[in-house]
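One-letter residues, chain by chain:
2 protein chains.
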Amino acid sequence: MYNQMYKEGEGMLFVITGNGKGKTTSALGMSLRMLGAGGRVFFMQFIKGKEYSEIKALRQLEGVDVHITGRECFIRRDPDEEDYQRAQNAFALFQEALQDSYDLYVLDELNIALYYELISIDHVLKVLEEASKKKDIVVTGRYAPEELKSIAKMVSEVKEIKHHYKEGIQARKGIEF
Amino acid sequence: MYNQMYKEGEGMLFVITGNGKGKTTSALGMSLRMLGAGGRVFFMQFIKGKEYSEIKALRQLEGVDVHITGRECFIRRDPDEEDYQRAQNAFALFQEALQDSYDLYVLDELNIALYYELISIDHVLKVLEEASKKKDIVVTGRYAPEELKSIAKMVSEVKEIKHHYKEGIQARKGIEF
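Protein sequences, first through last, are from chains A and B. The letter at position 27 of the first sequence is residue 27 when you use my numbering, and the numbering goes up by one with no holes. The letter at position 121 of the second sequence is residue 121 when you use my numbering, and the numbering goes up by one with no holes.
I should point out that these hints are in silico values taken from the structure, not numbers from a laboratory. The reader is advised that the hints may include incorrect statements.
No copy is singled out in the list; a pair is fine if it fits within one copy or between any two copies.
Claimed, not checked - Simulated crosslink set (DSSO-like; lysine-lysine; CA at most 30 Å straight-line):
| no. | residue 1 | residue 2 |
| --- | --- | --- |
| 1 | K153 | K133 |
| 2 | K134 | K153 |
| 3 | K133 | K149 |
| 4 | K134 | K173 |
| 5 | K50 | K159 |
| 6 | K126 | K162 |
| 7 | K149 | K162 |
Next comes chain A alone, as it looks inside the complex (with noise of 0.2 Å):
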């Protein structure tokens, strides 16, 4: 089996943050890499709810669990009871996933789910210094948090150097969604 290269204390987690667009995207292109592989890959979106084309395209792929965990349009309001609910049973569903042989754990928009505190962050520090020594995870999302950051092998920050939206063009589908 693939995994079987694995060994302990060879696991990693790999942090992308910042403002730039490319961390989901990121995290999808190094789904597809261990896909290639062959190996197995845990795909976990919190917050977002939505089957984006990138979703549907990553399902078509074989080896790869897909779990998207967030409703519609969580950004623009407040976070609430089932936000929390959702984000914790996900959170839940992953560290059962961990008793698998995934070859790599991707939990893309977890910094979003806590920058809202919808997840206890040493919760969350306690379960990734753990499994990350056996295990490969990215985590992605903007407002990466200090802590996870330094217990992090690897972070890569992707910074918005300019964006067309801001010139008003807008949104489409394939490209942003």
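Starting from the known structure of chain A, arrange chain B on it as the hints suggest.
Leaving out everything else, chain B in the frame of chain A:
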């Protein structure tokens, strides 16, 4: 057809640069998104010559044409006549493909080809500025030239904050390649 939603003036040039991990993976994720939306993708990789895992996975998807145009082990030596020819031919092939109805064009590591002066920057700027009026084009790689950034509608810089190679962990299949 999908691409009929595009109108004159709606294309964009998107540059992903910086020293951090996640530029090619981000372009792969964008490709996945476009394919999931039912669009067609032209994916061209400069400089690199190996069929990495992610390329294998990408090829499995319907609607994408993949062109890997470099040679193995470019990075550790100076460019020679073959590198120059390959880059020139690749860019010419891209120009031909512009006549076709792809919904997204990815020129992965083109910045590196420009950095090594394998293709004329003036020629590339002229072609991309004109083509991106109607087409969506993504250019990746470190050292994006300032002139390229200035004609782009969107620029993301991936900054390396922390990297595990520096802690002595080896690159592994499915994760880094």
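Okay, the hints, checked on the actual structure:
no.: 1; hint: K153 x K133; verdict: within (10 Å within a copy, 40 Å between copies)
no.: 2; hint: K134 x K153; verdict: within (13 Å within a copy, 41 Å between copies)
no.: 3; hint: K133 x K149; verdict: within (15 Å within a copy, 39 Å between copies)
no.: 4; hint: K134 x K173; verdict: between (37 Å within a copy, 15 Å between copies)
no.: 5; hint: K50 x K159; verdict: both (25 Å within a copy, 29 Å between copies)
no.: 6; hint: K126 x K162; verdict: between (36 Å within a copy, 20 Å between copies)
no.: 7; hint: K149 x K162; verdict: both (25 Å within a copy, 9 Å between copies)
In summary, the structure agrees with every hint in the numbered list given earlier.
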